[in-house]
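Participant: Given chain A, work out where chain B should sit, using these hints.
There are 2 protein chains.
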Amino acid sequence: MVTQPLRIAVLGSTGSIGQQTLDVIRQLPERFQVVALAAGTRTHELAKQVAEFRPRYAVAERRTAELDDALTANGTRWCDMDEMAVAPDVDLLLVGTAGAAGLTPTIRALELGRPVAIANKEVLVMAGHLVRRALVAGGGSLRPVDSEHSAIWQCLWGEESHEIRRIILTASGGAFRDYDESQLDTVTPEQALNHPTWKMGAKITVDSASLMNKGMETIEAMWLFDVPMEKVDVVLHRESIVHSLVEFSDGSIKAQLGVPDMRLPIQCALAYPERMPLPPAPPLDLAAVGSLHFGRPDISRFPCLRLAMESGAEGGTYPAVMAAADEVAVARFLAGEIRFTAIPAIIEQTLDRHESTADPDLEAVLAADAWARRVATSIPAGAA
Amino acid sequence: MVTQPLRIAVLGSTGSIGQQTLDVIRQLPERFQVVALAAGTRTHELAKQVAEFRPRYAVAERRTAELDDALTANGTRWCDMDEMAVAPDVDLLLVGTAGAAGLTPTIRALELGRPVAIANKEVLVMAGHLVRRALVAGGGSLRPVDSEHSAIWQCLWGEESHEIRRIILTASGGAFRDYDESQLDTVTPEQALNHPTWKMGAKITVDSASLMNKGMETIEAMWLFDVPMEKVDVVLHRESIVHSLVEFSDGSIKAQLGVPDMRLPIQCALAYPERMPLPPAPPLDLAAVGSLHFGRPDISRFPCLRLAMESGAEGGTYPAVMAAADEVAVARFLAGEIRFTAIPAIIEQTLDRHESTADPDLEAVLAADAWARRVATSIPAGAA
Chain A
69 MVTQPLRIAV
79 LGSTGSIGQQ
89 TLDVIRQLPE
99 RFQVVALAAG
109 TRTHELAKQV
119 AEFRPRYAVA
129 ERRTAELDDA
139 LTANGTRWCD
149 MDEMAVAPDV
159 DLLLVGTAGA
169 AGLTPTIRAL
179 ELGRPVAIAN
189 KEVLVMAGHL
199 VRRALVAGGG
209 SLRPVDSEHS
219 AIWQCLWGEE
229 SHEIRRIILT
239 ASGGAFRDYD
249 ESQLDTVTPE
259 QALNHPTWKM
269 GAKITVDSAS
279 LMNKGMETIE
289 AMWLFDVPME
299 KVDVVLHRES
309 IVHSLVEFSD
319 GSIKAQLGVP
329 DMRLPIQCAL
339 AYPERMPLPP
349 APPLDLAAVG
359 SLHFGRPDIS
369 RFPCLRLAME
379 SGAEGGTYPA
389 VMAAADEVAV
399 ARFLAGEIRF
409 TAIPAIIEQT
419 LDRHESTADP
429 DLEAVLAADA
439 WARRVATSIP
449 AGAA
Chain B
69 MVTQPLRIAV
79 LGSTGSIGQQ
89 TLDVIRQLPE
99 RFQVVALAAG
109 TRTHELAKQV
119 AEFRPRYAVA
129 ERRTAELDDA
139 LTANGTRWCD
149 MDEMAVAPDV
159 DLLLVGTAGA
169 AGLTPTIRAL
179 ELGRPVAIAN
189 KEVLVMAGHL
199 VRRALVAGGG
209 SLRPVDSEHS
219 AIWQCLWGEE
229 SHEIRRIILT
239 ASGGAFRDYD
249 ESQLDTVTPE
259 QALNHPTWKM
269 GAKITVDSAS
279 LMNKGMETIE
289 AMWLFDVPME
299 KVDVVLHRES
309 IVHSLVEFSD
319 GSIKAQLGVP
329 DMRLPIQCAL
339 AYPERMPLPP
349 APPLDLAAVG
359 SLHFGRPDIS
369 RFPCLRLAME
379 SGAEGGTYPA
389 VMAAADEVAV
399 ARFLAGEIRF
409 TAIPAIIEQT
419 LDRHESTADP
429 DLEAVLAADA
439 WARRVATSIP
449 AGAA
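Protein chains in written order, with the working numbering: chain A, 69 to 452; chain B, 69 to 452.
Bear in mind the hints are in silico, worked out from the structure with no lab data behind them.
Check the hints yourself; a few may be wrong.
Computed from the model, here is a short list of chain B residues facing chain A with C-beta under 10 Å [unchecked claim]:
| # | residue |
| --- | --- |
| 1 | A219 |
| 2 | E228 |
| 3 | T409 |
Cβ coordinates follow ideal geometry from the N, Cα and C atoms, glycine included.
In isolation and in its complexed conformation, chain A is listed as follows (with noise of 0.2 Å):
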């Protein structure tokens, strides 16, 4: 059987996401094709890429006459990430987009029947339910590329989601899983920035120190699977060995386990329904690892994981107000400007001061992201 390659479009390409996407593309190109790159800044990057891909679109910020000649070069049209979305000759949408950048491609995508592969946390923390309605009501697909989430949903394959009891997010716990409250007080941006498993962005290494992109994840678990928060847990493991676990209504409990790299989910997320014979990551060799430990998050010491959940129960726009104010104090801790623990009262303070909309558009969800801002900013550091 003779398949045609799956044509990919690549948003947030030259990121850490991206990058490793094009990296499995390369390894399995009678596959996989890259027919668009959207990048942001990085257009050096970005030149190289069309280079080496020749996509048939390409976008970034801005235009620079490097990234000019490798279009004409290659044939690239420039057209932005909401066309890329919807143009005929996509087949499969990967949002690597930080931020609400990825927000409208995905709901056209998805409204479009479309299989979106999604690796944007804010976009289903901010506007879930707006991705959970533009998927039901044009019959796409969201594919999770998360390592977290990528196996909650190999653990869902052939099963059937009213049969999910609970859905055990594992979190490694941080740089900061063994310090204690007043350790916890002093500690520099730079100790915040040192994870122990996973290298990935600033903001994200803060988040995983203060359990906060744990508890976004709880939000993104709801949406991806269709579950409320009261069926979503977290669990401490330090390996990052275990991805994620589901127990299901007879009490049986599914894992996905391997060595952690993110190659193995995108390329999942890619390859469905099919598994690729190409083994991205070393094999996991499970009696070399020889103990995998396992724990409660202390919520005391990590407020971020409770604020993140309640935002995710109560909904509205609590969840994008909670997200922004996070951005919000990550960026004050890392200036210097707070101490650490200072990041979930300043997001607890923005979240007591909302007045949340139900059931918000997505115009409703902007403005409470840049009232979120606005709020956040202005708390003084000696009152968080």
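Facilitator: Leaving out everything else, chain B in the frame of chain A:
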């Protein structure tokens, strides 16, 4: 939707698996119904089961007045296991018998296109190729009941069997997992019968201590999941929480976990493709468990594992000879006649003397079994 209860024939109803099967059925009377019960020598227990479940058919190795009364009082017909397997009012056959007795009912039900929930090791070890052939010919299906094979089966739901890279059976390691070779030389039957996790019969508990039980499970896995022995692996896991794992072509690993309780895999096998909304066992609290350990089995201390895997890979009548020699050797050990370390020696000597038949029919399998019993019995204790 009103569903008719699934009509189940329970072969081996007074044994451990049979009793736990009845326990599962008892909890879900609107879904499952006992229509046939087959026991061995425990006629008193069978009479009580007949009175409780009022099956259409029952059988035991002998009739007693008490049993006859129960049959008459409940309108139950005396009927052998082969007849039960093909009775028109049986939807599913559960084979919980030990030894070769389950073989022909299994084959008959499969030839008729029926699902067979199988807990019987010997059937697959001795004649897996015949069972597989009946399954393919009749369009029936095998649903494993063993916790390890149920785990693998559950991990394969929604997956393609050609994408299996490796089946990883977990082994608790048995009663002597921490003993060195000289300690193994002097263990008593009493020590061998003290299994760390599962409460089972004497033969299977000794087989657990020698790792022969795990070896037989590797052969079962070959036939249940249609994979060659080189794709089957064993990892030590003393907690018996991870019941087994599957590694797929892309390197992703799935595992099934739960507290050790046979009622969960039994319920899975009966309920498939659904999961019942009633956990038969207490839920697993991974954070409370705390840690899970994995290691490599030591084949030099536990040669039975190697003997079984080699027999399985060779095929023919070797697995039947291996299983029969083991049964004799274990009985001789339990009778105080030979040392624990003589068990693999007797099996190996019996295998060495055997000339295997390729693709043996049932008669050839049973002849090899009888031959192996004679040889294994004749090997002097001093020579083993």
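Participant: Now, for every hint given, state plainly whether the structure supports it.
Facilitator: Against the structure, the hints come out as follows:
Interface hint at A219(B): satisfied, since its Cβ lies 9 Å from the closest Cβ of chain A, which is below the 10 Å cut-off. Proximity of E228(B) to chain A holds as hinted, the smallest CB-CB distance being about 7 Å (cut-off 10 Å). Checking T409(B) against chain A: minimum C-beta separation of about 24 Å lies over 10 Å; hint violated.
The structure fails hint 3 only (numbered hints given earlier).
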